[in-house]
Every structure is written in structure tokens, then in C-alpha cells.
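Engineer: Spelled out from the first residue to the last, the chains are:
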Amino acid sequence: MSGWEVFADPSIWLFLLGGLWVTLQISAVVIVLSFCLGTLLALASIAPWRPVRRVALTYVHVVRGVPVYLFMLAVYFGGSRLGLKGDVAVSVAVALTVYTTAYISEIVRGGVLSVAAGQLEAARSLGFSPLGAFRYVVFPQALRAVLPPLINQYIVAINGTSIGAVIGLDELLHRSVILYNGHQNPIETLLVAGSMYFVVLFTLSRLARRFELSRLGAQSGPRRRIWWMPRLGHFGAEPQSHSVLSR
Amino acid sequence: MDYPFRPVVQNWPALVDGLFVTLQIAAASLVLSLLLGLVLVGVRMLFPTVGRWLVTGYVEVIRNVPPLVLLYFIFFALPHAGLVLDPFTSGVLGLTIYHAAFVAEVLRAGVEAVGSSQLEAARSLGLNAAQALRYVVLPQAAVVVLPPLGNLAISLTKTTSLVAIISVSDITYQSQILVSDTFRPFELFAAAGAVYLCLSLGIGQITRAAEKRLTAYRFVRA
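Those protein sequences? They're chains A and B, same order as listed. Under our numbering, the residue at position 123 of the first sequence is numbered 123, and the numbers go up by one with no gaps. Every position in the second sequence, counted from 1, becomes a number in our numbering once 1000 is added.
In isolation and in its complexed conformation, chain B is listed as follows (with noise of 0.2 Å):
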């Protein structure tokens, strides 16, 4: 008997198997180029000449080539230089490096919007730097961060479908394997895009929440 989306019905657990490789890449991903950005942000201030230098042209450089490029290189070009990798990594690696650029620029941009004068009052009513770091400059930093970072999170998850084209069983992997079994492409292309559109929602919604959190002070009543 056949019924709409049989395929996707019939097939649950292979694609459930693809959900968890993607939350996995997409988490992987996320918190390194996080981290990496963080590095990036941190050089270009400490070494004002020197470092900026290099992370404006690491940023530029990648922003501006497809991260498709970039994913080839290291999965296809790199083991010509002798440096194989498995697909997740490769992954991992070619996402984490993408979006680094896209975090260091909303980072400077937090920082940037902060300045250094909050700091600095801080400092004059005898706050210690770990105080008004804590204190006062990382609770603006965050709410000016967090948005374009929940947009970047997103974007990284929806980034993950290309790992399936090197080969990383992910959720559009195993539907396209399901597609080239079942010949039902529209089923199971809006199944996968119906959890990415979950995932992107949830994100959203994670994002906003915190959002209120971060701000619930400008709502307090005296």
C-alpha cells in the first residue's frame, strides 16, 4: 500500500541516524569557530599592527570564497599535501573556519560598541579588571553579540547540508541515498528540510530567550 511520505515513514531510523550526525557537526562546529573567533578577536587586539593585519585578511579572504571551496580543499586538495582526513573532520574543520571569520567580526563589532570608557569608569569606582569585566563590560558586550550570533548559528546549521556532498552521513545524505532508492524526492527533501527548519526555529527561539534574560535589567522596576 502506498501513502503520502511512505518513504520517510519507512525510513525514520536512517534518518534519525543523519539528524544526530548533523546536531553533532553543527555543535562541533559551533562551539569551535566560536573559540577560534574568540582567538581571532584576541590577536587583533593584543598586536594592533601585526595582527590586525592578518585577521582583516583572514576575514576577507574567507568571506569571500564559497565555504563550498573551501571544503574541497581540504577533503580533496590536502591529502595531495599529505594531511588525509576523514569526511567529519574534514567537516568539522572546513565549517569551523568558515564561520571564525563571521564570529570575529560580530565580536569586534561588540566590542567595539562597548568601548573603552565604560571600562575605564569601571575601573575609577574601584572595580578590579576581573570585576569590571564581569560586571560591567561583558553583560553590554553579550546583548550587542547575541543576536548576530544566533543568526550565525543558524546559518551554520543550514551550512552542515553541504558536508553530505564529501560524503558525511548527515540528514541530507541519507535522504538523498533514500531518494536514489524510493525515486520520491519531494517527500523526503521536505522531511529533511522540515527538521532544519525545526532546528533553525529552535535556535531562534533559544536566542531570544536569552536575549530576554540579558536585558530583563532595563525592565526592572525600582
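Same shape as in the complex, but just chain A (with noise of 0.2 Å):
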């Protein structure tokens, strides 16, 4: 086989490497502005005021109705046309970011709904400022709750920044093309690729399969504690390791 006689050069494995150091650094991006935008957006979805809720939802549908390829065309020719000087690397930020943010604020919403409203009651009686019932109490729940399909959906965003190689990203799909239209071994390229996507976006799906409330146990604790989490009376209750017996 001669296509892979290419991969026994190690700069050609810093390359695309370099490549996917571009698509985490792009996803790390996205990641983190889509939290923010769609935590806000959640709220707003949720907020006693009619009119704000329907902005909110209005959004997320139309959103998440529209393939995020076209997003990120309108964004790149669309920006390039109104004197944005086009930069690839933020109209593909920023239309995963819009296309992202829709989704994580769902996602958001269902898990401030799913937390029992005595909580947010419970913290209001103790004296909590609604914002602040809503930061201590309801929203690290929700969170906790939520984990498995926020990773889930970062998986998505990865995915998409492949996309991006099409309008010239220079990620790991991009370089990848360039590779192998120069060595003429697209084969052994794109599995090489592919298997570079599948490390990191497996090791994120192990994640979310980790922080399943029903494989933490709800009920009786973590069976692991994960050393990062912050610990919470509602899912984490320590485990009694000391039992009478033990004594």
C-alpha cells in the first residue's frame, strides 16, 4: 500500500494535527458562547413575560429547522456582502454559535423544568432573591440533569466545524483534502482523519454516558464520584461507607 507510506513523515501528522487543534480550538469557541447565549435564551423561554417567551421560542424553532450548512453560507457570503471582510474562521464560529445555541437552550429549559418546584419554593422560603433561588439552587440541579445531552450536542458542534472546511476553514478536514489531492491517497487520508475525529469525539461520548443521572444512581449516590462535580444534597448524597457493622 503506497498511500501510507505518506504517514511514516511526522510533519505530516503535525499537520493535521495542527488541523485538529484548529477544530477544538473552534468548538471550544462555540462551546462556550452557545452555553452562555442559550442559558440566557432558556431564561428568556421561561420568563413571566409573554411576549419575551415567544421572541425566545420563536428562535429555537426556526433555528433548529434550518441545516446549519446554510448558516454558515449565509453568514460567510452574507457577511463577506455586508463589508465584514469575510474571515472564515469567525463566520463558521459564529454560525455554529447561532445554529448551537438554539439547541443547548432546549435542552437548558427542559432541565430547569424537570427540577421539582418545591426546590425553587424551598429556596424562595429561605429567604433566595428569585435570581438567586434560580443560580444556587435550581440551576446547578438542572445542570447536573442536563450533562449527557450538553455533551451530546457539543458532539454536534465538533461535527459541524467539518463543515466549515468547505468555504476554506484550515481544520482537519480541510487539511486532509490538501493532503491527499497532493499524494492522491484519499483512502488512507480520510481514515487516518476520521479516526482523529473519533478519538476526541468518543472520549465526549464516554463523558456523557458517565454523567447519566441513572448510571450515577439517583437515589442511593454516585457509585463514582467525579472529583470535579460540585457536590449536591439532591443527586450526591455521600454514600454511607461507615456503616454500623463497620464500627
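These are calculated hints, taken from the structure and not from any lab test. C-beta atoms are modelled at their ideal positions from N, C-alpha and C, and glycine is treated no differently. A portion of the hints provided could be inaccurate.
The following label-pair restraints were derived from C-beta to C-beta distances [unchecked claim]:
#1 B/LEU1078 <-> A/LEU131: 53 to 59 Å
#2 B/VAL1043 <-> A/HIS183: 33 to 39 Å
#3 B/PRO1004 <-> A/SER195: 46 to 52 Å
#4 A/LEU207 <-> B/GLU1112: 55 to 61 Å
#5 B/PRO1079 <-> A/ARG53: 48 to 54 Å
#6 B/ALA1109 <-> A/PRO130: 34 to 40 Å
Selected chain A positions facing chain B (Cβ under 7 Å, derived; list incomplete) [as the list claims (entries may be wrong)]:
#7 LEU70
#8 SER162
#9 TYR197
#10 LEU201
Some chain A residues well away from chain B (every beta-carbon gap over 12 Å; in silico) [as the list claims (entries may be wrong)]:
#11 TRP21
#12 TYR69
#13 ARG206
Can you join these two chains into the complex? Each is in its own frame, and there are hints to help.
Structural biologist: Rendered as C-alpha cells:
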């Protein structure tokens, strides 16, 4: 197989890994922005004011019905027409953020609504302000519950960065196209690039699996404590390891 | 005379042609991915060890690789292995392989949700296997499976826009061509986006109507 000989050269690997690094950078920006905007939008969609809810839900429903590729084309070609100097990375990040925000907002909204109303009432009766109760009581519980779908949505967003290759974003898929056009070995190159995507995305989807509440054991406390997760009385009561018998 | 959406109004036949291609490709890959997903679940259940291993591997690999990489592989790499497919076939093949993994997961969840005790209970009441499947298991599984399958159909319809990249002349492709002719990206992409939005909303309505019909027995009064 002559197509594999190219990969004996370490600089080829550095070239592709550099593309993966761009993919990860863009998706990191998208993840952070869409989480912040999505949470705000989720708040707007459960706000006590009807017009605000309307606007938020309309945004969500419209954006979820349109392919992300069209957003990218519109932002990239439309942006350069508006004199925004068509920067590819910015266009891809903006398009993916607009798209992902709608999904994140629905996920967060579902999570917030799944937290029992008694939690909010209890926090309010303890003297929390409405926002304080949300920030310290409802939101952490909601976040814990929606972590798996949130991570799955980020997998979709990272998938989406590969579409940026089409409008010339210098990421992993784009670089592999450059590579195989030079060496005429698309099978081998795309297998390598696909494996790189797989390693990243598979790790993330395992992580999502790990946070599923059913696996953590919602009633009995988590089987495995996750060291960086805040401990919550509601989900993560410490298992009684020192029972009466062991004393 | 110029007016808003003029390129859309003037070029509507091209856009409608694109819409038909989009519909064809979506329908073909929806049907095929349902079939392939069904086969995957069947293999998984018939061969508990090897089948489960193979199907899980398939699902995990496909779900964790971008669909565009799959399309590129089929369209640009397979010819080097001697398999030349035209753009339309490549697109249908790629979308089918990609979405069948998701279909398999949804169907598996549906089967698991019903559970074997329902089948056993129906059999012990004297229904034969086919009747038990027809009147007891399938109606319950359909209710579980329908909403996620509807979402999957919407996602598939949107993902068909990627076949424009491998030069299938769907509505995204047509609007791109028209943009390069007229330099009016906003109007043309908005029109294409509106078409996708209508398709998504339509599929959502169909799913909800079917769901209502399947769960109608819950609201029947004695």
C-alpha cells in the first residue's frame, strides 16, 4: 500500500494534528458562547413575560429547522457582502454558535423545568431572591441533569466544524483534503482524519455516558464520585461507607 | 427594476428543481436508513454476542465521525478503490449509513422499553406469536419509537444539505449557484432556509398527528 508511506513522515502528522487543534479551538469558542447564550435564551423562554417567551421560542423553532450548512454559507457570503471582510474562522464560529444556541436553550429549559417546583419554593422561603434561588438552587440541579444531552450537542457542534472545510476553514478535514490531493491517497488520509475525529468525539460521548443520572444512581448516591463535580445533596449524597457493622 | 427577493422570484424554477432533488434524496435515505436500522437491530437480537458486538461497533464509529467525512470518503476515496458512484447515489449511501446508526439506537430503546414480559403475557393469553407482535408489542413500541424517529427524520432532511458539497443539485446547491450569479446571498439562502424550515415543521406535524393516533386508545372512554 503506497498510500500509507506518506504517514511515515512525522511532519504529515503534525500538519493534521494542527488541523485538529484548529477544530478544537473553534469548537471551544462555540461551546462556551453557545452555553452562555443558550442559558440566557432558556431563561427568556421561561420568563414571566409572554412577548419575551414568544421571541425566544420563535428563535429556537426557526433555527432548529434550518441546516447548519446554510447558516455558514449565509454568514460567510452575506458577511463579506456587508463588508465584514469574510473571515472564515469567525464566520464558522458565528454560524455554529447561532445554531447550537437554539439546541442548548431547549436542553437547559428542559432541565430547569425538570427540577421540582418545591426546590424553588423552598429556596424562596429561605430568603433567596428569585435570581439567587435560580443561580444557587435550581440551576446546579438542572445542569447536573442535562449534562449528557449537553455534551451530545457539543459533539454535534464539533461535527459541524468539519463543514467549515467547505468554505475554506483550515481545520482537520480541509488539511486532509490538501494532503490527499497532493499524494492521491484519499482512502488512507480520510481514514486517519476520521480516526482523529473519532478519538475526540468518542471520548466526549463516553463522558456523556458517565454523567447519565441512571448510571450515577439518582437515589442511592453516585457509585463513583466525580472529583470536579460540585457535591449536591439532591443527587450526590455521600454513600454511607461506615455503616454500623464496620464500627 | 430591483426589489427584495428578486433573484428568488426570477429563478424559482431552479429552486423548485432543487427542492425536488432534496425531497428525493431525503425520502430515499429515510426509507433505506429505516431498513438498515431494522436489519442492525435484528442482527443484534439474533446473534447475542457477535451481532451485538458488531452493531455496537458500527453505531459507535458512525456516531463519532462527522457525516461530511463519510460523504467525502464515499465520493472521493472509494473511486480510488475502484468503486465509482454518481453524486446522488453517494449522497443517499452516505446519509443512509450515517442515520441507520441512529435508527438502530432508537429501535433498540423501543424494544427494550416494551420488555419481554408483555410478549409472554400475550402468548399465555392464547395469542399466537404474530398476533402478540401485532396487537401487543408493536403498538407499544411504536409509541416509544415514533417521536425520536420524527426528530431523526427532521435531522436527516437538514443533513441532506451536505450533499450539495459533493455536487448533487439539491436546493442548497441551486441557491449557491444563484448566489454566485446574482451576489444576493441573504435572500437566496433565506429562501432555501425557509424551505427547509417548512419541511421540518411539516415532518413535526406528521409525527405529532401519528403520535396522537397511536395513543388514542389512552383517551377512549368505556
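Engineer: Decide, hint by hint, whether the structure agrees.
Structural biologist: Now the hints, each set against the structure:
1. B/LEU1078 <-> A/LEU131: 53 to 59 Å: 56 Å, holds
2. B/VAL1043 <-> A/HIS183: 33 to 39 Å: 37 Å, holds
3. B/PRO1004 <-> A/SER195: 46 to 52 Å: With Cβ atoms ~47 Å apart, the hint holds.
4. A/LEU207 <-> B/GLU1112: 55 to 61 Å: For B/GLU1112 against A/LEU207, whose Cβ atoms are near 23 Å apart, the range 55 to 61 Å is violated.
5. B/PRO1079 <-> A/ARG53: 48 to 54 Å: Holds, since B/PRO1079 and A/ARG53 (Cβ atoms, about 52 Å apart) stay within the stated range.
6. B/ALA1109 <-> A/PRO130: 34 to 40 Å: Check passed, 37 Å falls within 34 to 40 Å.
7. LEU70: This hint holds: A/LEU70 lies near chain B, its Cβ roughly 5 Å from the closest one there, short of 7 Å.
8. SER162: It holds, given that the least Cβ distance between A/SER162 and chain B is near 4 Å, below 7 Å.
9. TYR197: 5 Å, holds
10. LEU201: For A/LEU201, the interface hint holds, since the closest Cβ of chain B sits about 4 Å away, which is under 7 Å.
11. TRP21: Holds, since 16 Å exceeds 12 Å.
12. TYR69: 5 Å, violated
13. ARG206: Violated, because the least Cβ-Cβ distance between A/ARG206 and chain B comes to about 10 Å, which does not exceed 12 Å.
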